[in-house]
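Number of protein chains: 2
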Amino acid sequence: MPKTFAQDSVGLVSPQTLHFDQPLELASGRCLDSYDLVIETYGQLNSDASNAVLICHALSGHHHAAGYHSEDDRKPGWWDAYIGPGKPIDTNRFFVVSLNNLGGCHGSTGPVSINPATGKPWGKDFPKLRVRDWVNSQARLADRLGIEQWAAVIGGSLGGMQAMRWALEYPNRLRHCVVIASAMKLTAQNIAFNETARQAICADPDFRDGDYLAAEAYPKDGLSIARMIGHITYLSDDGMGQKFGRDIRSGSFERGTDEPVEFQIESYLRYQGSAFSGSFDANTYILMTKALDYFDLAREYDNDPVKAFSGAQCKFLVVSFTTDWRFAPERSREIVEALIGADKAVSYAEVESEYGHDAFLIPIDRYYQLFTQYMNGVSADL
Amino acid sequence: MPKTFAQDSVGLVSPQTLHFDQPLELASGRCLDSYDLVIETYGQLNSDASNAVLICHALSGHHHAAGYHSEDDRKPGWWDAYIGPGKPIDTNRFFVVSLNNLGGCHGSTGPVSINPATGKPWGKDFPKLRVRDWVNSQARLADRLGIEQWAAVIGGSLGGMQAMRWALEYPNRLRHCVVIASAMKLTAQNIAFNETARQAICADPDFRDGDYLAAEAYPKDGLSIARMIGHITYLSDDGMGQKFGRDIRSGSFERGTDEPVEFQIESYLRYQGSAFSGSFDANTYILMTKALDYFDLAREYDNDPVKAFSGAQCKFLVVSFTTDWRFAPERSREIVEALIGADKAVSYAEVESEYGHDAFLIPIDRYYQLFTQYMNGVSADL
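Just so you know, the protein sequences line up as chains D and R, in that order. For the first sequence, position 297 matches number 296 in numbering that gives the first Met the number 0, and the numbering has no gaps at all. For the second sequence, position 89 matches number 88 in numbering that gives the first Met the number 0, and the numbering has no gaps at all.
The set of hints was computed from the structure by calculation and includes no laboratory data. Even for Gly, the Cβ is constructed at its ideal location relative to N, Cα and C. There may be inaccurate statements among the hints.
Below, a list of computed lysine-lysine pairs in the DSSO-like style, where the Cα atoms sit at most 27 Å apart [to be verified]:
id, chain 1, residue 1, chain 2, residue 2
1, D, Lys242, R, Lys289
2, R, Lys219, R, Lys74
3, D, Lys289, R, Lys119
4, R, Lys119, R, Lys219
A few chain D residues that don't get close to chain R, going by computed Cβ distances all over 10 Å [to be verified]:
id, residue
5, Ser13
6, Asp20
7, Asn45
8, Ser46
9, Gln198
10, Ala199
11, Asp210
12, Glu261
13, Lys306
14, Glu333
15, Ser378
16, Leu381
Just chain D, same shape as in the assembly (with noise of 0.2 Å):
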């Protein structure tokens, strides 16, 4: 008997991938000939393509937002609480188009992908890539689909900075744009997480200098390392508090025990490392943790976000969680006032979470109802 899905779940879906080979020049000023994106689309497409919807992917994450590839699949896509039939991003209304970015490791060309050049994987020598260079081969493929404009651009984290660059680049191309979790510019304290997550994939003495896939090796133990700092970061203290506390596995607390793994925190970490690490590429990471640190929205502005948001066409919301120590309220607050100083019309939300930088892929109802909202505005403009 074949399973039933929910009836506000997508469903079975299918990616499918989608080939370029005008050649794209990158902010690095290396260019890529051609290259593959991975796609995800639910929901359809109108007769005037105006209810088209950009998902933009933060550090970890892929095409595969909603929904389920087999009947046999424990989980949905990463944000399937947030898209789907009713729910927020309501596939009835809108046509959801969710991809893999370029560098990743998913199936669109990145590290892991043939470099046409040798007939060997690009690794290490895949091009460094900027936030900007993702959201031209977005611009690609908003034009390879018919859409000329996106009724919103959509994305938490790193995937709000996409949104934010594309109000930039393409003023003319989004009628929305839905900032989550996000910041203008990383801080120093995100830039040392970041180069000691980097430091633990390089010390791996399989990383092998970024060449591990010729010498098939992987530097699993230097990912999971980097998986673990990353995600202390995506939780908050209370959270972690009252998710583990300091409960222990076994054993005595005076004589801890003979096992490794001792207080619940621990082994919650090390799975979660080490799950990531059998299903994640290291110079993918390292590609895109980098994006992330070289983000920075005014710079090119004379560092004036005022100036950089004048240009922008599109309404705003910008949404922050109050736990959140990676992304703090304030930096999204920072937006707000720029948006504000640029005389841009923006909604913006603080949420009250436990969740930390995490809250934004998690069910939390005021957070689920004002984005309902937002985008129900969204789809009164179609």
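Take the given structure of chain D and dock chain R to it, following the hints.
Below, chain R without anything else, positioned relative to chain D:
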């Protein structure tokens, strides 16, 4: 011409090694038959031995808290800003004792010492230690020095935990307890950072499952990453931003550089990690962080900190720093509330500072003044 030291410096100092051969029962149930403690002392013990002050060190500290070991030393001891003639811990008035804790790697018996049972270094087989073991060994040290009662036991961070444990375990042997930038127990997030640091060490193939000394190897990369993780948590987000900003070392912002280190903060962290990994023992680092994780002041008092402190006889000074997020002011306020609940004399100061957890080591006017004032009160009791 011999170098002249500043008038408020203790000048040239020499460590001494004291041997103890009365077996020390440990919280783990194991026993150390004999051990050495390396100490330094500054100032003179008075005739009734009432002016002695014990300095307890933090995670990476040691006995060399003040003065210089040679005229060529570039840097004085780690707390030289606060120990010396006329300084808050005034060596004209106090006899200051500073030791390297058991399990350390600066001369006291620890993982790098020879295990008499095997004739080889203890390495990973060195017994697990808890804060109470250090306090017990420090009580033996006091006996040896003829100090029945400390004028004050003083410590920052992990050192503050030792000071509090003294107040509970040996209530008649100290008159004042000074607890700076500390906590009654670690949060899940604190443990998570420590665990990730330990994982970085253990993942280094040169760790050899803890037996690197026997293999004449050394997990330098792993320890370096561990230190980088730690270091981020010692500094504040704002402080890092002010010190390093988003400055890059060289190259263009779009292209990045071809150098592996791009942002100034990266260079700084790598330097810190590398310097530390050249001077610290990996097994000691694991042992010390585990002692931190397991410290839980009130656990055996039905998790009631008021009950825990009820037997204390000394007066307390508690100090926290506004931007310390490793042991946030909230953690210090919990100590103060418990002390008030237990009807103990406590002074509390929350000092404005941009230096995060590291503030306790750094000269800061208000901190310096209030510490001086409190210690004046301590010496008035002599």
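Okay, the hints, checked on the actual structure:
1. For the proposed pair lysine 242 of chain D and lysine 289 of chain R, the alpha carbon gap of about 21 Å is at most 27 Å, so the pair holds.
2. A hinted pair counts as satisfied when its Cα atoms are at most 27 Å apart, and lysine 219 of chain R with lysine 74 of chain R qualifies at roughly 23 Å.
3. Straight-line distance between C-alpha atoms of lysine 289 of chain D and lysine 119 of chain R comes to about 45 Å, which puts the hinted pair past the 27 Å bound.
4. Only pairs whose Cα atoms come within 27 Å are accepted, and lysine 119 of chain R paired with lysine 219 of chain R is accepted, the gap being roughly 21 Å.
5. Consistency note on serine 13 of chain D: stated as away from chain R, and its beta-carbon is indeed over 10 Å from all of that chain's, at 36 Å minimum.
6. The non-interface label for aspartate 20 of chain D is consistent with chain R: the shortest C-beta to C-beta separation is roughly 25 Å, beyond 10 Å.
7. Annotated as non-interface, asparagine 45 of chain D keeps its C-beta farther than 10 Å from every C-beta of chain R; the closest such distance is 38 Å.
8. Look at serine 46 of chain D: its CB is around 40 Å from the nearest CB on chain R, clear of 10 Å, so calling it non-interface holds up.
9. Annotated as non-interface, glutamine 198 of chain D brings its C-beta within 10 Å of a C-beta of chain R; the closest such distance is 5 Å.
10. With a cut of 10 Å on Cβ distances, alanine 199 of chain D falls inside the contact zone with chain R, its closest approach being about 5 Å.
11. With a least beta-carbon separation of about 15 Å from chain R, aspartate 210 of chain D lies farther than 10 Å from that chain, consistent with its non-interface assignment.
12. At roughly 8 Å from the closest C-beta of chain R, the C-beta of glutamate 261 of chain D falls inside 10 Å, breaking its exclusion from the interface.
13. With 10 Å as the threshold on Cβ separation, the claim that lysine 306 of chain D sits away from chain R holds: the shortest Cβ distance comes to roughly 17 Å.
14. With a minimum CB-CB distance of about 13 Å to chain R, glutamate 333 of chain D clears the 10 Å threshold, and the non-interface call stands.
15. Residue placement check: serine 378 of chain D keeps its beta carbon more than 10 Å from all beta carbons of chain R (closest about 37 Å).
16. Every beta carbon of chain R lies more than 10 Å from that of leucine 381 of chain D, the smallest distance being close to 37 Å; the non-interface claim holds.
Hints 3, 9, 10, 12, counting from the list given before, are not met by this structure.
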